[in-house]
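*Asks:* Take a look at the letters that make up each chain.
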Amino acid sequence: MKKEEAIFLLKQMMQIRQFEDKIWELLSKNIAQGGSHLYAGEEAVAVGAISILHPDDYITSTHRGHGHAIAKGGKLPELMAEILGKATGVCKGKGGSLHLADLSQGNLGANGVVGGSLGIATGAGLSVKLRKAKQVVICFFGDGATNQGIFHESLNMASKWRLPVIYLCENNLYGMSVSVKRASAVEDLTKKALAYGMPAENVDGMDILMVRKVVKKWVDFAREGKGPALLICNTYRYYGHSRSDAKVYRSREEEDLWRQRDPIILFSKRLIKEGILKEEEIKDLEKKVTEEIEEATRFAMESPLPESSALYEDLYA
Amino acid sequence: MKKEEAIFLLKQMMQIRQFEDKIWELLSKNIAQGGSHLYAGEEAVAVGAISILHPDDYITSTHRGHGHAIAKGGKLPELMAEILGKATGVCKGKGGSLHLADLSQGNLGANGVVGGSLGIATGAGLSVKLRKAKQVVICFFGDGATNQGIFHESLNMASKWRLPVIYLCENNLYGMSVSVKRASAVEDLTKKALAYGMPAENVDGMDILMVRKVVKKWVDFAREGKGPALLICNTYRYYGHSRSDAKVYRSREEEDLWRQRDPIILFSKRLIKEGILKEEEIKDLEKKVTEEIEEATRFAMESPLPESSALYEDLYA
Amino acid sequence: MHNREITYRQALHEALTEEMERDGKVFLMGEDIGPYGGAYGATKGLIEKFGEERVRDTAISEAAIIGAGLGAAMTGMRPVVEIMYIDFIGICMGQINNQVAKIRYMFGGKAKVPLVIRTEGGAGRTLGAHHSQSLEAWFMHIPGIRVVMPATPYDAKGLLKTSIRNDNPTLFIEHKMLYNTKGQVPKSEYLVPLGEAEVKRKGSNISLITYSRMLLYSLEAAEELERQGISVEVIDLRTLFPLDIKTITESIKKTNRAVIVEEDCKTGGAGAEIGMQIMENSFNWLDAPIKRVAGADVPMPKSSILEKLAIPSKEDIVKAIKETLR
Amino acid sequence: MHNREITYRQALHEALTEEMERDGKVFLMGEDIGPYGGAYGATKGLIEKFGEERVRDTAISEAAIIGAGLGAAMTGMRPVVEIMYIDFIGICMGQINNQVAKIRYMFGGKAKVPLVIRTEGGAGRTLGAHHSQSLEAWFMHIPGIRVVMPATPYDAKGLLKTSIRNDNPTLFIEHKMLYNTKGQVPKSEYLVPLGEAEVKRKGSNISLITYSRMLLYSLEAAEELERQGISVEVIDLRTLFPLDIKTITESIKKTNRAVIVEEDCKTGGAGAEIGMQIMENSFNWLDAPIKRVAGADVPMPKSSILEKLAIPSKEDIVKAIKETLR
Ligand SMILES: Cc1ncc(C[n+]2csc(CCOP(=O)(O)OP(=O)(O)O)c2C)c(N)n1
Ligand SMILES: Cc1ncc(C[n+]2csc(CCOP(=O)(O)OP(=O)(O)O)c2C)c(N)n1
Ligand SMILES: [Mg+2]
Ligand SMILES: [Mg+2]
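Protein chains in written order, with my numbering: chain A, -13 to 303; chain B, -13 to 303; chain C, 43 to 368; chain D, 43 to 368.
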């Protein structure tokens, strides 16, 4: 791995982590309002997967979408401003945390509805096929979303039509408070692909290099017109589902176990071990990211709220 | 097989066949109006499967529901009257062909929506479990319905909760005009059960004894509290999807091939061969059924239409 | 004369054909629209003409049909998707309401959703409660989506073409009893603008506001009343959202009385909104309460006799007009 | 005094607890209603009290939740199912519209569907377009299902208990901004009948017709206007379908003026039907057009400032009343 690339990946993971920690802080201080589902802990998935894509490839994201937006090239100040509902936000303050999107970057949007973007991703794949383009779509969704009807309909359609879509499930063991064990009749979620004759793989979602390796294989596959795949990236969200979540449904031991496999630490250690980066450099990088986050926060907080006149704008083309 | 039982099964298949042929005639003469999806060709499935049930067991049916209604004990005159929209119909003329139902017989109803009764069947199974009863539910649906979201959600729920529901798919190769091959990413529909860790089996749906054998196995399994199963009964509908269907999507050769395995002839031959019934007896039975159908038709045609006052009745309890 | 008489079905078929020929980004997707030609025949022959890629038979997966249509629309295509009966639209209501209609606004105007959802509704074939509904009112209540309901072949063709070229999502609702009706349609290209009602018959005593199949009944009622010396102005809304309140208001300022004729269930139906807007705009011009002639508040019964009772008849319209003029 | 002050949340909790204790056939099913206690806490502790069989956490499968609730209701149980946000109800709209609401009628009255669908709606927490909707109007337009929207803890408890005992399906819509509001609730058992509005404040100059959270704003507006010498009668509908037009009509015969306050998007909203029924019943008593104070016709924007603009404020209500009295 080239140093540049390592820095790129590590930095993006740090950006997401610190971004989320900052949002948590802003939520606690009531500066950020409304729901925010934080991505901390799952950084290797978004960063690893999206780093495989070309700029004009598409992603669809979820209610836990900050990480995807950052990895797909979102600007931190614009994203932060959006979450605070500011006019300078990427969606002009109309979307908020649950609806971060930027079509110019190929981010077809976060979604407040679980499973809400599975159809969209499938349609984007169809569009690619009809336009005879060479783009690929990564459709992110959670373990909980695999129990939604539209998961079933979309995967069937994509497989039948060989659409270039990677269905990437972020299995963080819980859908809100309900564990995969309690919600899903099969615990190994790759089994769900059997119903569509679709290839599927379990992936260590805490190891960014593993994520990249597997995603690359299937993105190439899709780009060659060979069809979709279902990837189950096993990961963990550090925060509760949302601010008010007391996390009664999981144990502190379980949390600790997963934190021992923190994707940023894991990758950092590896880079140090392989002599690609020095500890010092990593610390510097972290500081730089902190400054970026502070800058983004400053920008967001100082940005104006939307004008009243914005209420009726942007609805119709 | 006891003679009595053989007669019961054969007669019911004949009733369905002749009932459907009669409806076709009434449709052609415009005496029956509206949609009617005919079950002719698939008799072994409804009769075989339902013959395994106890009277207080439940079924849910489909838009192609005449056969299920007859097999679950529906009275021919009441069913015929319902299809003609008469006040004497089993649903007082309010339901029609698409909504034949009789809760007193455990028939939770036909359904005009593809996949529309999968949730209901699952809930009936849950009800059985909560009431600690020993009933079983057979949920009928077509191959086309397996691509509906609620198929996915229902089978997952039933499997996770081990509900006593047999999901019985009548695979007649087409959903309206679209073949299983074109609609479904997997052609062997039992594969869909893998996504729910649910047992599944393909069944020769033209052979009533095979249907009975397999259904009995899984009904017993469900009754013992061991959970649901998915059965794919492979069969064929003789008529087009509905009256206006020109059947451009399938060949006359295919139709002939399936008719060579006609479930009534198949069973009749076997009964003769095994000395259980004589050809004569079968012909007599057929005549008797013809009389029943004529009687039912007479009853239905002579029955009054609903009173105007019925319009607002039966909506609220 | 360049006009010919063609059916509503043919008019739709021509609109689809012409737009597909004009723009390679237009494609069709839905159940049984290929070799079968669509449940009501509007797409017959199109798969032969445009091929399987652009005329896509789908599985019975309404939510994915809409979702995929949306995704394709957001990424450069102009899909025309079909939901066979509006009765099934509940299955994909989440996709329409939360995704199709809202995405542009939620994304600060950064998405474009040129998606047409063709569907069909209404009673008249004794198909019962799952194949006879009129659900337009739900969609009038969803900001972000246009609701179009043509009553004539001319409007069907012109409005469908406009809808396909429009960059906003449109719900295009046909009526099952209109496919075989005939009307004058020019051979040369034309468009009908969205959001404009049309006075289909001039009159001075009362304004009859209606749309879709009920236009036909309304015109019959107007004719009958003409013979009795009552002059009825018949307004065909054509587009339900946005509603052309201007045309309605102008008419009412002239007639001072209004009756709304709608096939959907009365309570919470389209007529409630139409009537309320009239009240808000023209209260001082009204000489009598606005009446609604509407469908009964029941699921559609199968029996032909009950089905007829459950929707407005010419007689119901005549009666309501007379009562309003009393 | 046997009254106590409890929150709306507690009131709901008590209703569920009491009905589950009273009738073994009542059970709960939904997402995160178990150990988590429900997204807004209304089912907290119930799984510990009644066990996993009767308090069932489900997968995220809204259509199956409703479908299974219906199947259980048809076969002897009395399910209370939860859809976490009404925003997601589109996903199960097919089940509610075609199955839950229609089955009894389609089957000639031979089925009984004692199913309660609890859900929650409304804006106020800057959650954006997918977590802030008010969709009651859709359901007023579905014959066969009751629509209940309590505004106070007293009504929440009494109406939920009645809904659970009722043999018809009920959509019970709570409001996210009301869970923490407090009110007097008797300790002893009581029921509130479905279909009855309540005059929450007597007045003589104008009738304010409202429901759910907007009752609170309406009462504040009435209080402010009282100080300015304007006497406002505030009617809380409580049940939207069936609508208690009698109570509304009586009030209007007295005041001759009406304003409707509703949080949902104006076009095609509940207020349209309410207003139209008033017009049909009380046209000759009306001295001014009925006004609607309603939500903006846009998806709910995230930004707090826009969110506030998108729903009625006390000021909007005061203004509308003054305009109507002018
Ligand atoms: C259709 C729908 N149902 C319920 C919710 C409420 N909800 C928001 S996130 C969530 C859990 C989602 O779980 P999962 O898909 O595993 O994603 P995760 O939050 O774990 O990343 C739920 C139930 C929703 N937003 N949409
Ligand atoms: C949700 C829904 N979509 C479409 C239809 C129209 N339709 C009626 S039957 C049918 C085909 C059903 O196929 P299958 O499930 O295989 O049953 P079969 O008719 O073959 O018995 C279709 C598409 C419908 N009734 N409901
Ligand atoms: Mg999860
Ligand atoms: Mg089939």
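One or more hints might be untrue.
As the list claims (entries may be wrong) - Calculated lysine to aspartate or glutamate pairs in the DMTMM-like style (CA-CA distance at most 20 Å, straight line): (1) K218(C) with D174(B); (2) K273(A) with D42(A); (3) K118(A) with E94(C); (4) K177(A) with D174(B).
Treat the hints as calculated values from the structure; they're not laboratory data.
*Asks:* Against each hint, give a clear statement of whether it holds in the structure.
*Replies:* How the hints compare with the structure:
For the hint pairing K218(C) with D174(B), the CA-to-CA distance comes to about 36 Å; that exceeds 20 Å, so the pair is violated. With a C-alpha separation of about 31 Å, the suggested pair K273(A) and D42(A) falls outside the 20 Å cut-off, and the hint is violated. With a C-alpha separation of about 15 Å, the suggested pairing of K118(A) with E94(C) holds against the 20 Å cut-off. For the hint linking K177(A) to D174(B), the alpha-carbon distance of about 16 Å falls within 20 Å, and the restraint holds.
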